[in-house]
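Here this note's numbering is used: position 164 in the sequence shown is 378, and no number is missing along the way.
Accuracy of the hints is not assured; some may be wrong.
Capping the alpha-carbon separation at 20 Å, the derived lysine-lysine pairs in PhoX-like fashion look like this [claimed, not checked]:
#: 1; residue 1: K334; residue 2: K321
#: 2; residue 1: K249; residue 2: K229
#: 3; residue 1: K339; residue 2: K320
#: 4; residue 1: K294; residue 2: K339
Quick caveat, the hints were computed from the structure, so don't treat them as lab data.
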Amino acid sequence: MRILIIRHGDPDYEKDSLTQKGRHEAELLADKMEKTDVTAFYVSPLGRAQDTANVTLKRLGRSAKTYHWLREFHAPIFDKKTKKLCGPWDLMPSFFTKEDDLYDVKKWADTEFMKQGRVKQEYRKVSQGLDKVLKAHGYERKDKYYKAVNANKDTIAFFCHFGVECVMLSHLLNISPVCLWQGFCAAPTSVTTLYTEEREKGIAVWRCSSFGDISHLYAGNEEPAFAARFCEIYDDMSQRH
(Lines of atoms letter the chains of each structure in order from A; the text may use other names.)
(Lines give C-alpha, C1' and ligand atoms only; values in the text may rest on other atoms or scores of the structure.)
Protein backbone atom coordinates (compact mmCIF):
# COMPACT_ATOMS: atom_id res chain seq x y z
CA MET A 215 0.00 0.00 0.00
CA ARG A 216 1.12 3.55 -0.68
CA ILE A 217 0.44 6.79 1.23
CA LEU A 218 0.84 10.25 -0.29
CA ILE A 219 1.00 13.17 2.16
CA ILE A 220 0.58 16.46 0.29
CA ARG A 221 1.12 19.89 1.79
CA HIS A 222 -1.17 22.73 0.70
CA GLY A 223 0.00 25.35 -1.78
CA ASP A 224 1.66 28.67 -0.95
CA PRO A 225 -0.68 30.00 1.74
CA ASP A 226 -2.49 33.23 2.39
CA TYR A 227 -2.82 32.58 6.13
CA GLU A 228 -4.92 35.70 6.76
CA LYS A 229 -7.64 34.48 4.38
CA ASP A 230 -6.89 30.77 4.99
CA SER A 231 -6.60 30.30 1.26
CA LEU A 232 -3.89 30.30 -1.40
CA THR A 233 -1.84 33.07 -2.91
CA GLN A 234 -1.80 33.45 -6.68
CA LYS A 235 1.45 31.48 -6.63
CA GLY A 236 -0.21 28.82 -4.49
CA ARG A 237 -3.02 28.42 -7.01
CA HIS A 238 -0.49 27.96 -9.80
CA GLU A 239 1.36 25.39 -7.68
CA ALA A 240 -1.92 23.52 -7.15
CA GLU A 241 -2.46 23.37 -10.93
CA LEU A 242 1.02 21.91 -11.43
CA LEU A 243 0.35 19.41 -8.65
CA ALA A 244 -2.86 18.37 -10.41
CA ASP A 245 -0.81 17.70 -13.55
CA LYS A 246 1.18 15.22 -11.49
CA MET A 247 -1.84 13.70 -9.75
CA GLU A 248 -3.60 13.11 -13.09
CA LYS A 249 -0.98 10.44 -13.73
CA THR A 250 -1.44 8.83 -10.30
CA ASP A 251 -3.97 6.09 -9.57
CA VAL A 252 -5.42 7.10 -6.19
CA THR A 253 -7.92 4.88 -4.36
CA ALA A 254 -9.15 7.49 -1.89
CA PHE A 255 -8.55 11.15 -1.01
CA TYR A 256 -8.63 12.71 2.46
CA VAL A 257 -8.34 16.40 3.22
CA SER A 258 -7.98 18.87 6.09
CA PRO A 259 -10.99 21.15 6.75
CA LEU A 260 -8.85 24.29 6.50
CA GLY A 261 -9.29 26.46 3.42
CA ARG A 262 -5.72 26.34 2.12
CA ALA A 263 -5.77 22.52 2.07
CA GLN A 264 -9.29 22.38 0.63
CA ASP A 265 -8.38 24.84 -2.13
CA THR A 266 -5.28 22.83 -3.02
CA ALA A 267 -7.12 19.51 -3.06
CA ASN A 268 -10.07 20.86 -5.05
CA VAL A 269 -7.91 21.59 -8.10
CA THR A 270 -6.88 17.93 -8.31
CA LEU A 271 -10.33 16.60 -7.38
CA LYS A 272 -12.07 18.74 -9.99
CA ARG A 273 -9.55 17.71 -12.64
CA LEU A 274 -10.12 14.02 -11.84
CA GLY A 275 -13.87 14.22 -11.19
CA ARG A 276 -13.31 12.83 -7.70
CA SER A 277 -14.33 13.69 -4.14
CA ALA A 278 -12.57 13.53 -0.79
CA LYS A 279 -13.45 12.89 2.83
CA THR A 280 -12.70 15.76 5.19
CA TYR A 281 -11.31 14.94 8.64
CA HIS A 282 -10.81 17.46 11.43
CA TRP A 283 -7.69 15.66 12.70
CA LEU A 284 -5.95 16.52 9.41
CA ARG A 285 -6.08 20.26 10.16
CA GLU A 286 -2.79 21.92 11.07
CA PHE A 287 -1.54 20.42 14.33
CA HIS A 288 -3.08 22.71 16.94
CA ALA A 289 -1.50 22.50 20.38
CA PRO A 290 -0.22 25.99 21.27
CA ILE A 291 2.31 26.32 24.09
CA PHE A 292 3.23 29.44 26.07
CA ASP A 293 6.89 30.19 25.42
CA LYS A 294 8.36 31.68 28.60
CA LYS A 295 11.22 33.22 26.64
CA THR A 296 9.14 35.13 24.08
CA LYS A 297 6.06 35.47 26.34
CA LYS A 298 3.92 34.34 23.41
CA LEU A 299 1.98 31.28 22.35
CA CYS A 300 3.83 29.16 19.82
CA GLY A 301 3.38 25.89 18.00
CA PRO A 302 5.27 22.91 19.44
CA TRP A 303 7.37 22.86 16.26
CA ASP A 304 8.40 26.52 16.50
CA LEU A 305 11.42 26.02 18.76
CA MET A 306 14.70 27.88 18.92
CA PRO A 307 17.87 25.80 18.35
CA SER A 308 19.46 27.01 21.59
CA PHE A 309 16.52 25.36 23.39
CA PHE A 310 15.62 22.13 21.59
CA THR A 311 19.21 21.00 20.94
CA LYS A 312 19.86 20.93 24.70
CA GLU A 313 16.71 18.94 25.57
CA ASP A 314 17.69 15.32 24.88
CA ASP A 315 14.25 13.99 25.81
CA LEU A 316 12.68 15.90 22.93
CA TYR A 317 14.52 13.54 20.58
CA ASP A 318 13.15 10.46 22.37
CA VAL A 319 10.01 8.91 20.86
CA LYS A 320 8.85 7.79 24.32
CA LYS A 321 9.68 10.94 26.27
CA TRP A 322 9.22 13.98 24.03
CA ALA A 323 5.54 14.60 24.89
CA ASP A 324 6.16 14.33 28.63
CA THR A 325 8.87 16.99 28.78
CA GLU A 326 8.09 20.03 30.93
CA PHE A 327 7.81 22.23 27.84
CA MET A 328 5.38 20.01 25.91
CA LYS A 329 3.20 19.35 28.95
CA GLN A 330 2.28 23.04 29.06
CA GLY A 331 -0.11 22.49 26.14
CA ARG A 332 -2.43 19.79 24.82
CA VAL A 333 0.33 18.30 22.70
CA LYS A 334 -0.05 14.72 23.89
CA GLN A 335 -3.84 14.76 23.51
CA GLU A 336 -3.70 16.28 20.04
CA TYR A 337 -0.98 13.85 18.96
CA ARG A 338 -3.23 11.00 20.06
CA LYS A 339 -6.14 12.39 18.00
CA VAL A 340 -4.02 12.45 14.86
CA SER A 341 -2.61 8.97 15.49
CA GLN A 342 -6.03 7.47 16.16
CA GLY A 343 -7.55 9.20 13.12
CA LEU A 344 -4.78 7.95 10.87
CA ASP A 345 -5.00 4.42 12.23
CA LYS A 346 -8.78 4.37 11.67
CA VAL A 347 -8.28 5.26 8.00
CA LEU A 348 -5.52 2.67 7.58
CA LYS A 349 -7.63 0.00 9.24
CA ALA A 350 -10.41 0.71 6.72
CA HIS A 351 -7.83 0.10 3.99
CA GLY A 352 -6.64 -3.21 5.42
CA TYR A 353 -3.83 -2.31 7.84
CA GLU A 354 -4.38 -2.51 11.60
CA ARG A 355 -1.94 -1.01 14.11
CA LYS A 356 -0.30 -3.42 16.54
CA ASP A 357 2.44 -2.11 18.81
CA LYS A 358 4.97 -0.48 16.43
CA TYR A 359 3.90 -2.23 13.22
CA TYR A 360 0.71 -2.90 11.27
CA LYS A 361 -1.09 -6.19 10.74
CA ALA A 362 -1.69 -6.68 7.04
CA VAL A 363 -5.28 -7.85 7.43
CA ASN A 364 -6.01 -7.15 3.78
CA ALA A 365 -2.66 -6.57 2.08
CA ASN A 366 -3.00 -4.48 -1.07
CA LYS A 367 -1.31 -2.03 -3.44
CA ASP A 368 -3.85 0.76 -3.08
CA THR A 369 -2.79 4.43 -2.93
CA ILE A 370 -4.39 6.91 -0.54
CA ALA A 371 -3.69 10.65 -0.55
CA PHE A 372 -3.89 13.16 2.32
CA PHE A 373 -4.00 16.91 1.64
CA CYS A 374 -2.91 18.64 4.83
CA HIS A 375 -0.19 20.74 6.51
CA PHE A 376 3.46 20.50 7.47
CA GLY A 377 2.97 20.25 11.24
CA VAL A 378 0.44 17.44 11.08
CA GLU A 379 2.40 15.72 8.31
CA CYS A 380 5.32 15.36 10.72
CA VAL A 381 3.00 13.95 13.38
CA MET A 382 1.72 11.37 10.91
CA LEU A 383 5.27 10.41 9.94
CA SER A 384 6.24 10.26 13.60
CA HIS A 385 3.44 7.77 14.29
CA LEU A 386 4.07 5.64 11.22
CA LEU A 387 7.86 5.52 11.61
CA ASN A 388 8.07 5.56 15.43
CA ILE A 389 10.18 8.72 15.54
CA SER A 390 9.84 11.77 17.81
CA PRO A 391 8.00 14.45 15.81
CA VAL A 392 10.44 17.04 17.14
CA CYS A 393 13.17 15.49 14.97
CA LEU A 394 10.91 15.91 11.95
CA TRP A 395 9.54 19.36 12.83
CA GLN A 396 13.03 20.74 13.34
CA GLY A 397 15.03 18.75 10.81
CA PHE A 398 12.78 18.58 7.72
CA CYS A 399 11.01 21.12 5.55
CA ALA A 400 8.11 20.36 3.20
CA ALA A 401 7.60 23.07 0.60
CA PRO A 402 4.05 24.00 -0.49
CA THR A 403 2.41 21.29 -2.65
CA SER A 404 5.27 18.91 -1.88
CA VAL A 405 4.45 15.20 -1.89
CA THR A 406 5.79 12.72 0.64
CA THR A 407 5.49 9.04 -0.29
CA LEU A 408 5.48 5.99 1.95
CA TYR A 409 5.06 2.32 1.06
CA THR A 410 4.34 -0.71 3.18
CA GLU A 411 6.97 -3.42 3.40
CA GLU A 412 5.72 -6.90 4.30
CA ARG A 413 8.90 -8.94 4.56
CA GLU A 414 7.20 -11.22 7.08
CA LYS A 415 3.72 -12.55 6.35
CA GLY A 416 1.08 -10.32 7.91
CA ILE A 417 3.58 -7.83 9.41
CA ALA A 418 3.79 -4.48 7.63
CA VAL A 419 5.99 -1.49 8.37
CA TRP A 420 6.21 1.83 6.54
CA ARG A 421 9.18 3.00 4.49
CA CYS A 422 9.45 6.60 3.28
CA SER A 423 10.67 6.55 -0.32
CA SER A 424 10.62 10.31 -0.80
CA PHE A 425 10.02 13.36 1.39
CA GLY A 426 8.75 16.69 0.12
CA ASP A 427 8.97 15.92 -3.61
CA ILE A 428 8.47 19.09 -5.70
CA SER A 429 9.42 17.71 -9.11
CA HIS A 430 6.06 18.91 -10.47
CA LEU A 431 7.09 22.50 -9.70
CA TYR A 432 10.39 22.16 -11.51
CA ALA A 433 8.60 20.53 -14.45
CA GLY A 434 6.49 23.67 -14.67
CA ASN A 435 9.47 26.03 -14.23
CA GLU A 436 8.02 27.20 -10.90
CA GLU A 437 10.36 28.02 -8.04
CA PRO A 438 9.29 26.47 -4.71
CA ALA A 439 7.78 28.88 -2.20
CA PHE A 440 9.81 29.84 0.85
CA ALA A 441 6.93 29.01 3.22
CA ALA A 442 7.98 26.59 6.01
CA ARG A 443 11.61 27.70 5.91
CA PHE A 444 13.40 30.19 8.10
CA CYS A 445 16.24 32.57 7.25
CA GLU A 446 19.26 30.92 5.66
CA ILE A 447 21.53 33.44 7.35
CA TYR A 448 20.56 35.54 10.35
CA ASP A 449 21.47 38.89 8.79
CA ASP A 450 19.07 38.41 5.87
CA MET A 451 16.06 40.33 7.16
CA SER A 452 14.09 39.67 3.98
CA GLN A 453 13.60 36.05 5.07
CA ARG A 454 11.49 34.81 7.96
CA HIS A 455 13.23 34.67 11.35
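(message) With the threshold set at 20 Å, check whether the alpha-carbon distance from K334 to K321 stays at or below it.
(response) The hint holds at about 11 Å.
(message) Given the hinted pair K249 and K229, is their Cα-Cα distance within 20 Å?
(response) Not OK: K249 and K229 at ~31 Å, beyond 20 Å, violated.
(message) Against the 20 Å threshold, does the CA-CA distance of K294 and K339 hold or violate the hint?
(response) violated (26 Å)
(request) Starting from K339, check that the Cα of K320 is at most 20 Å away, please. (result) Distance of about 17 Å is within 20 Å: holds.
Hint violations for this structure: numbers 2 and 4, all remaining hints satisfied.
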